[in-house]
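> So the chains spell out like this:
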Amino acid sequence: NAGVMQNPRHLVRRRGQEARLRCSPMKGHSHVYWYRQLPEEGLKFMVYLQKENIIDESGMPKERFSAEFPKEGPSILRIQQVVRGDSAAYFCASSRNTDTQYFGPGTRLTVL
Amino acid sequence: DQQVKQNSPSLSVQEGRISILNCDYTNSMFDYFLWYKKYPAEGPTFLISISSIKDKNEDGRFTVFLNKSAKHLSLHIVPSQPGDSAVYFCAASARSSFGNEKLTFGTGTRLTIIP
Numbered sequence: 001n002a003g004v005m006q007n008p009r010h011l012v013r014r015r016g017q018e019a020r021l022r023c024s025p026m027k028g029h030s031h032v033y034w035y036r037q038l039p040e041e042g043l044k045f046m047v048y049l050q051k052e053n054i055i056d057e058s059g060m061p062k063e064r065f066s067a068e069f070p071k072e073g074p075s076i077l078r079i080q081q082v083v084r085g086d087s088a089a090y091f092c093a094s095s096r097n098t099d100t101q102y103f104g105p106g107t108r109l110t111v112l
Numbered sequence: 001d002q003q004v005k006q007n008s009p010s011l012s013v014q015e016g017r018i019s020i021l022n023c024d025y026t027n028s029m030f031d032y033f034l035w036y037k038k039y040p041a042e043g044p045t046f047l048i049s050i051s052s053i054k055d056k057n058e059d060g061r062f063t064v065f066l067n068k069s070a071k072h073l074s075l076h077i078v079p080s081q082p083g084d085s086a087v088y089f090c091a092a093s094a095r096s097s098f099g100n101e102k103l104t105f106g107t108g109t110r111l112t113i114i115p
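One line per chain: the protein sequences are X and D, in this order.
Under the numbering used here, the first residue of the first sequence carries the number 1, and numbering increases by one thereafter.
Under the numbering used here, the first residue of the second sequence carries the number 1, and numbering increases by one thereafter.
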């Protein structure tokens, strides 16, 4: 029973490029959450999605960031025109309903 | 505004003794609390949770206590083992409020078990 999958595990981008982070939830889970962890800090909520719907995006920066969870395929977190401050670990979590969230291994984004 | 606080950044405990990690929260809407364990370069691993209708939940060596009036919860690990060395995060959500299931995390406590 595979857990939450994230890819890539490491991503290096130059300033101004786009970053795409992918998350496949656990089997049977239809709720997906994205969190960001800056160095030496706790995880901060970004966005909560169900299939084809954004439920809560209160933690997403207003510009350059977007997320989707299509009917087929993984959830995607997209960061356009990356800046150095976007360097962080991005974690995806999934849950069956409003129950416990299980986390993936994360994508470590480095912006040069 | 830090709604979930873990005031001890680090804790060292002798192997075999009890480890007690503490967490305080300020938002009275929180009704579901979780503890996660995290190793470097990995995602958080779920340990144990507790609903606000309970004051204690136990799973093997891990017990979580909730004191709603004090807005305080703690995680007890007994006996502590070297493999327990990790960063522990407390998290909370307002699960009964639709669309508000997001987790609010504390800043973590680094637990080191001394052999």
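A few of these clues could be false.
Unchecked claim - As a list, the in silico DSS-like pairs of lysine-lysine whose alpha-carbon atoms are at most 27 Å apart: (1) D:68 with D:5; (2) D:71 with D:54; (3) D:68 with X:44; (4) D:68 with D:54; (5) X:27 with X:71; (6) D:71 with X:44; (7) D:5 with X:44; (8) X:27 with X:62; (9) D:5 with D:54.
The hints are simulated quantities; they were obtained by calculation from the structure and are not laboratory data.
> Compare the structure with each hint and give your call.
Hints versus structure:
no., hint, result
1, D:68 with D:5, "15 Å, holds"
2, D:71 with D:54, "13 Å, holds"
3, D:68 with X:44, "24 Å, holds"
4, D:68 with D:54, "9 Å, holds"
5, X:27 with X:71, "14 Å, holds"
6, D:71 with X:44, "21 Å, holds"
7, D:5 with X:44, "13 Å, holds"
8, X:27 with X:62, "31 Å, violated"
9, D:5 with D:54, "21 Å, holds"
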